[in-house]
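K.L.:
Sequence:
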Amino acid sequence: MVVKKNTCWRTRAGLCAGLGALLLLASPFTFAKSKKAPQSIEHMTVLHTAAIHASPVGSGAFAAPETDEQPERGLKGSAMSSLGSTRRSNLPIPGKRSSAFGAAASLNSGTLPLPAPVAPSSTVVPWQSAKFIGFDGLSNIDQRTANNGNQFSLEPPDQGLCAGNGFVMETVNDVIRVYDKSGNALTGAEDLNSFFGLAPQIIRKPNPNESIIGPFLSDPRCFYDHQTQRWFVSELEQDNGNNTGATGRNLNLLAVSQTSDPTGAFTVFQYDVTDDGQNGTPSHGGCPCFGDQPLLGADQYGVYQSTNEFGAGFNGAQIYAISKAQLVAAASSSGSSLPVVVHFDASQQLVPFGGQSYTIQPAITAGSHSYEASLNGVEYFLSALQFGNPGFEVFDNRIAVWAITNTKSLSSKSPVLTLSFNIVNTETYGQPDAATQKAGEIPLGASLDEPLEMLETNDDRMNQVTYSNGLLYGAVNSKLMVGGASQTGTAWFAVDPSFHGPTLKGKIAHQGYIAVAGSDVIFPSVGVDADSDGAIVFTLTGPHYFPSVAYAILDKGKVFKVVHVGGAGQDPEDGFTGYPEFGGNGIARWGDYSAATSDGERIWFASEYIPQACSANAPPCREVLFNWGTFIGSVKLQ
Numbered sequence: 001m002v003v004k005k006n007t008c009w010r011t012r013a014g015l016c017a018g019l020g021a022l023l024l025l026a027s028p029f030t031f032a033k034s035k036k037a038p039q040s041i042e043h044m045t046v047l048h049t050a051a052i053h054a055s056p057v058g059s060g061a062f063a064a065p066e067t068d069e070q071p072e073r074g075l076k077g078s079a080m081s082s083l084g085s086t087r088r089s090n091l092p093i094p095g096k097r098s099s100a101f102g103a104a105a106s107l108n109s110g111t112l113p114l115p116a117p118v119a120p121s122s123t124v125v126p127w128q129s130a131k132f133i134g135f136d137g138l139s140n141i142d143q144r145t146a147n148n149g150n151q152f153s154l155e156p157p158d159q160g161l162c163a164g165n166g167f168v169m170e171t172v173n174d175v176i177r178v179y180d181k182s183g184n185a186l187t188g189a190e191d192l193n194s195f196f197g198l199a200p201q202i203i204r205k206p207n208p209n210e211s212i213i214g215p216f217l218s219d220p221r222c223f224y225d226h227q228t229q230r231w232f233v234s235e236l237e238q239d240n241g242n243n244t245g246a247t248g249r250n251l252n253l254l255a256v257s258q259t260s261d262p263t264g265a266f267t268v269f270q271y272d273v274t275d276d277g278q279n280g281t282p283s284h285g286g287c288p289c290f291g292d293q294p295l296l297g298a299d300q301y302g303v304y305q306s307t308n309e310f311g312a313g314f315n316g317a318q319i320y321a322i323s324k325a326q327l328v329a330a331a332s333s334s335g336s337s338l339p340v341v342v343h344f345d346a347s348q349q350l351v352p353f354g355g356q357s358y359t360i361q362p363a364i365t366a367g368s369h370s371y372e373a374s375l376n377g378v379e380y381f382l383s384a385l386q387f388g389n390p391g392f393e394v395f396d397n398r399i400a401v402w403a404i405t406n407t408k409s410l411s412s413k414s415p416v417l418t419l420s421f422n423i424v425n426t427e428t429y430g431q432p433d434a435a436t437q438k439a440g441e442i443p444l445g446a447s448l449d450e451p452l453e454m455l456e457t458n459d460d461r462m463n464q465v466t467y468s469n470g471l472l473y474g475a476v477n478s479k480l481m482v483g484g485a486s487q488t489g490t491a492w493f494a495v496d497p498s499f500h501g502p503t504l505k506g507k508i509a510h511q512g513y514i515a516v517a518g519s520d521v522i523f524p525s526v527g528v529d530a531d532s533d534g535a536i537v538f539t540l541t542g543p544h545y546f547p548s549v550a551y552a553i554l555d556k557g558k559v560f561k562v563v564h565v566g567g568a569g570q571d572p573e574d575g576f577t578g579y580p581e582f583g584g585n586g587i588a589r590w591g592d593y594s595a596a597t598s599d600g601e602r603i604w605f606a607s608e609y610i611p612q613a614c615s616a617n618a619p620p621c622r623e624v625l626f627n628w629g630t631f632i633g634s635v636k637l638q
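Numbering (the working numbering), first residue to last: 1 to 638.
Hints may contain errors.
[What the hints assert, rightly or not] Computed beta-carbon distance windows for the label pairs:
1. Asn165 with Asp449: 48 to 58 Å
2. Thr263 with Gly600: 11 to 21 Å
3. Asn469 with Thr123: 20 to 30 Å
4. Gly583 with Pro502: 44 to 54 Å
5. Met481 with Ser411: 48 to 58 Å
6. Val118 with Thr503: 26 to 36 Å
7. Met481 with Asn425: 19 to 29 Å
8. Asn207 with Asn148: 12 to 22 Å
9. Pro443 with Lys131: 30 to 40 Å
[Unchecked claim] Straight line, CA to CA, 27 Å or less: simulated DSS-like cross-link-like pairs of lysine-lysine:
10. Lys556 with Lys131
11. Lys408 with Lys507
12. Lys181 with Lys131
13. Lys636 with Lys561
14. Lys438 with Lys561
15. Lys131 with Lys636
16. Lys561 with Lys507
In case anyone wonders, no lab produced these hints; they're calculated from the structure.
Quick reminder that beta carbons are idealized off the backbone N, C-alpha and C, glycines included.
Take these sequences, add in the hints, and give me the full structure.
P.N.:
Now the structure itself:
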């Protein structure tokens, strides 16, 4: 079948043909092979050729917010917040539901129930060094005014960040922009619906009931692949609007740059994850479903995504593997064949250990010398095991290490992949409490006669994972005891994966906690370079800190007990998601994840924070309903 691609923004293409024979191996603890073989999805398609608008938008070009605007009420009222985030908060948290399979005490290194972990406090200092670079990233104004204002008011700004070849790319819900390494914007703030070639989020009509609603996008990620010198951007799509052509399907979107320049053209691919037996998808219980928070990773041979599948209930984690070489070739040449998407249903593998698998975080490899040729290609993953079942209601001291091997075969006509996992005993971690913040100006809250909001910390799922020099680095939110008081901090892990014949093993090489007495440390991400140096970025917030972007230095597997404030927040969070008038409970949504990466010279990181307060001479810094911004920073460690 001929795949059509050109520079037209709305080009669509045909289906991908091919079928892979695959094998899914269970953990050595389960003593059984899966009865269901992984499937190959035969419907990878090309949407169009995209590019981020090349004209930078200066601060003077910001459109003024519509001060008399009422919160949009389309899509079941979800435009009062990020639809995906709202749905996450209303559905059972993955792995937290009751299960018929209780966790056996013999599988845990501690006693039941586990006590709260005690963590030492780090010292907080501002970073004052010529090795540090920082600048404001995308903001609520960028989100709301992109595409001539055909955007929803969204909160929170889930964070994507990637860097390489002299460029820095940032993407959040739901805009994207490219900078140079000094923070100068090289493109405008492009809305992601336009970037992916889709209808606008909303086209407002005088009668709100007649507004045209486009596809809903959420949870962006990106990475720069040093091996192929290409940029990858991912997002979920729920094509459930009322616009002409809406299919009602749920899709994973993946854009691949055609060159090493992210300001140039991208080719956009999509594949269906509705899993209702239609359009080549498997038939899962409770579907049609959507794949929440698609994660993104890569090894030498493949690009990997994993999702948490929601329909009538929670269906557990799903993993997708795609040939990297074929993606790059298909993005650059109309004569190239599209790759097959290999789908693993990994939902049930951890049931004997307490519950369904959730948030299986794929690793991004830092440096080509970290690839393992002896396994014919391998992609590693980490996931948490805090299921909330009896004995583990709050805390656990295990995580899972996963691996897909023989990934070199992804570029063959019949790829044969093996997925395996093992359980690793770790330090204790557990379900975090909401975070506090410093009091300050809250014009929205004051207009509603509401008190200062707290910040949502979500749960203790595994965050971003990086693979470097044989170690997997990851971190989670965790409730901790610091100076005799309970608060939220970070538990981080460096896992040494290995194979003994066909059996995957894993052990802790390093681990620890990051905490600040009297304050909260939330939503960590670990960025590591090829020499195992890096940083852990997070939000620092509390009675003495407006929500700020902070980080700790990682040196050869050890984290220094010093927290550096890179982007100091200037105001409290004052977004609508926490206020009862908009369906909140006093706890505002905060970015569901931060991001950190290496460009080979510097560690780059980004997260949500509250930027400079508005003044009479400043450009607009907030929309009526929210005041979030993002901060991008980098540090040179050598």
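K.L.:
A separate judgement is required for each hint: does it hold in the structure or not?
P.N.:
Results for each hint:
1. Taking the beta carbon of each, Asn165 and Asp449 are about 51 Å apart, inside 48 to 58 Å as hinted.
2. For the hinted restraint 11 to 21 Å between Thr263 and Gly600, the CB-CB distance of approximately 20 Å keeps it satisfied.
3. Checked against the hint of 20 to 30 Å, the C-beta distance between Asn469 and Thr123 comes to roughly 28 Å, which is consistent with it.
4. At roughly 50 Å, the beta-carbon separation of Gly583 and Pro502 lies within the given 44 to 54 Å, and the hint holds.
5. A beta carbon spacing of about 50 Å between Met481 and Ser411 agrees with the range 48 to 58 Å that was offered as a hint.
6. In this structure the supplied range 26 to 36 Å holds for Val118 paired with Thr503, their Cβ-Cβ distance being about 35 Å.
7. The supplied range of 19 to 29 Å is met by Met481 and Asn425, whose beta-carbon atoms lie about 21 Å from each other.
8. A hinted range of 12 to 22 Å holds for the C-beta pair Asn207 and Asn148, which are about 20 Å apart.
9. A hinted range of 30 to 40 Å for the beta carbons of Pro443 and Lys131 is consistent with their spacing of about 37 Å.
10. For the suggested pair Lys556 and Lys131, the alpha carbons sit about 19 Å apart, so the restraint of at most 27 Å is met.
11. With a CA separation close to 26 Å, the supplied pair Lys408 and Lys507 stays within the 27 Å bound.
12. Distance restraint check for Lys181 and Lys131: the Cα-Cα separation of roughly 13 Å lies within the 27 Å cut-off, and the hinted pair is therefore satisfied.
13. Distance check on the hinted pair: Lys636 and Lys561 sit about 18 Å apart at the alpha-carbon level, within 27 Å; holds.
14. Under the criterion of a C-alpha separation no larger than 27 Å, the hint pairing Lys438 with Lys561 is consistent with the structure, at around 23 Å.
15. This hinted pair checks out: Lys131 and Lys636 have alpha carbons roughly 5 Å apart, not beyond 27 Å.
16. Using a Cα cut-off of 27 Å, the hinted pair Lys561 and Lys507 holds, with the two alpha carbons roughly 23 Å apart.
Every hint, counting from the list given before, is met by this structure.
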